[in-house]
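Between the sequences and the hints, there should be enough to build the whole structure, so can you do that?
Chains as they are written, first to last, in the numbering used here: chain A, 1 to 131; chain B, 1 to 554.
By construction, these hints were calculated from the structure, which means they are not laboratory data. Treat the hints loosely; a few may be bogus.
[Unchecked claim] Simulated pairs of lysine to aspartate or glutamate, EDC-like, Cα-Cα distance not exceeding 16 angstroms:
no.: 1; chain 1: B; residue 1: Lys175; chain 2: B; residue 2: Glu162
no.: 2; chain 1: B; residue 1: Lys421; chain 2: A; residue 2: Asp95
no.: 3; chain 1: B; residue 1: Lys48; chain 2: B; residue 2: Asp35
no.: 4; chain 1: B; residue 1: Lys83; chain 2: B; residue 2: Glu49
no.: 5; chain 1: B; residue 1: Lys421; chain 2: A; residue 2: Glu96
no.: 6; chain 1: B; residue 1: Lys111; chain 2: B; residue 2: Glu49
no.: 7; chain 1: B; residue 1: Lys421; chain 2: A; residue 2: Asp73
no.: 8; chain 1: B; residue 1: Lys260; chain 2: B; residue 2: Glu249
no.: 9; chain 1: B; residue 1: Lys421; chain 2: A; residue 2: Asp20
[Stated by the list, open to error] The following label-pair restraints were derived from C-beta to C-beta distances:
no.: 10; chain 1: A; residue 1: Pro67; chain 2: B; residue 2: Gln309; range: 39 to 49 angstroms
no.: 11; chain 1: B; residue 1: Leu357; chain 2: A; residue 2: Ser51; range: 30 to 40 angstroms
no.: 12; chain 1: A; residue 1: Ser51; chain 2: B; residue 2: His314; range: 51 to 61 angstroms
no.: 13; chain 1: B; residue 1: Glu383; chain 2: A; residue 2: Pro67; range: 13 to 23 angstroms
no.: 14; chain 1: A; residue 1: Gly68; chain 2: B; residue 2: Val371; range: 28 to 38 angstroms
no.: 15; chain 1: A; residue 1: Pro67; chain 2: B; residue 2: Asn461; range: 13 to 23 angstroms
no.: 16; chain 1: A; residue 1: Ala119; chain 2: B; residue 2: Ala322; range: 31 to 41 angstroms
no.: 17; chain 1: A; residue 1: Ser51; chain 2: B; residue 2: Glu429; range: 28 to 38 angstroms
Just so it is clear, CB atoms sit at the ideal spot from N, CA and C, and this is done for glycine as well.
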Amino acid sequence: MKSCQERSAVERSLVAVVDDDESVRESLPALLRVFGFAAHAFSSAEEFLASDRLGETRCLILDIAMPGMTGLDLQRQLRIHGHTIPIIFITAQRDEAVRARAFEQGAAGFLLKPFSDTALLAALNTALGVR
Amino acid sequence: MILPRGDEYRIEAEATTSSSEVKVELRQTSVTAADLPESVFRYALRTKECVLIHDASGQSSFSADEYVREHHARSVLCLPLLKQTRLLGVLYLENNLTPHVFIPARIAVLKLLASQAAISLENARFYRDAQQMEAYLKAAQTLSHTGSFGWRPATGEIVWSEETYQITGYDRGTKPTLELVFQRIHPEDTVFVQEALDRGTLNGTDLDFEHRLLLPDGSVKCVHIVAHAVRDESFLELTHEDYRASNWEFSTELLEGKRKQFQIEKQYWRKDGSSIWVSNNVSLVPGTKSMPRFIMALSEDITERKRAQDALHHAQMELAHATRIATIGQLSASIAHELNQPLTGIITNCSTCLRMLTGDPPNLDGARETVRRTMRDANRASEVITRLRALFSKREATAESVDLNESTREVIALSLGELQKGQVIVRTEFADDLPLVTGDRVQLQQVVLNLLLNALDAMNNVNDRPRELVIRTERWKGECVCVSVRDSGVGFEPHAVDKLFEAFYTTKHDGMGMGLSVSRSIIESHHGRLWATPNDGPGATLSFSIPCRTDTKV
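Pasting the structure below:
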């Protein structure tokens, strides 16, 4: 498991968090910063798409069940428009069909809430290709 | 006028009118086909319903009847005389000159007279039976040389039967007094008798002793006195404490003429300490020249009925509870969602905290922030549990002031997970000035939840239009509050609306089908209404209204 210091190559990479839940939007970026990333949270997929941070986002941590555009919808949208941002899904739903579809559509990770910090770090490492 | 006599029916009296007079004849003969249309008579007897034929010469259900064919009856009316549901007799009226004489106004008068006649007939029968009983009793006493007496020590009132006058040798018209009694007692026995009577009245015990009588002509009779002491119980003493006050109030109003009669359901204590439930119909019978007025109470033992009612109530509570539990099962996605979010926050914040504290140098400010966020998330989770606990509890319905806006918001919060999963857009239109209602908050929330989940199901397979849920609260004039849940789902056929509310009706493969039926009972127990209307566009709206008077009892 790489710590902050060893990962200087991807330090300060921007990780975007998209989740309609306030608790997640407030807690996750703080942890990501401790990991050594830059982090920004969005309350909806629409907000993320409309922002100017899309281009510099190196990894996307994405909730699935959201009102309006869901996480899977956003994943499809990004592919259609040629974006290759690795996506780590976070969800409370234990639905096998959803998980399968996420990976079919190219997800880099899939975590069930609540997840541990080590699980998140491992998923981030996988997503960013750092072994 | 036809009355029952034993096993058969007899025409007691017949009145015939001609142009100049009304002739009344006491017939007292059995009913035959020559007297009236038997089919009409039998029908009225069987159904206890009034039979009216406007024109018997025309076509009717009874045209085949022999009497109708031969006697050329035109207007026919057969009126059963009913006391509650008991048939006391039948009044048969016929006009063979003109059809359609029994117009509604005349029938109304006849029905009124008939009911009065029924009461009079009953009373006459009671009176006649009572007289007959008295005659038998008198004969029995004479034969056995037994006289009876009644004595109220408190007032000195004494009542003697015929035979007692005979034994004591007093004239039939004499008013019995204790003094007159002692005048007949043999001088040597007076002290003994006085003591025996004193003992009896003091202890409320029965009397059983022998003494001698000395009559004016010098003859001596030996008598055996047997008497049963009756404790003068006021009906109030028999009545269960909870009902005494209202019972007394009604009785007083009866005596003061403020009421003609009243009906009361109450409990009596029995001698063995157990209690029974009764339904009493109490009325004041006005006095006549020969009899002072008295209160008559008809008492019906409804203990069994009350037991059944209690069992039903208990079953209803159990059912409401069971449907609540089942509904909560349907909320599993919501519950998981509602609890997972704060839990995720807590775990993430704590992980962050640990890393911050073990950093070099430790980030104390950051750590403090994480702790604050953890606290807040923990409270969020706790609130969800509290809301759920209320729904899970098995409890008797309570009556409290309920703010339907607030309660509905809570229900929506609980169902957020379901709503999101179902991709439903929720809109609320809450009235600002919504008055409070009196009722059971948890039960009302159960109803709102049921309507919400039903709306969700209705939109489950809708893909060609947005899934929209509008929840509205309004204040209606006439002092009531209305809550409606409108969906854009599959809707229902207007003629099938009643089926929706039937118990066990469900379109879901795993549904219990109790939701709307139980919801309706809950609303009705709040003196309100629950109904469904198809929308102008797609979907349906389910609404309920509840009065918001504060004196409403649940």
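Of the numbered hints stated previously, which ones are contradicted by the structure, given in increasing order?
Per hint list: single violation, 3.
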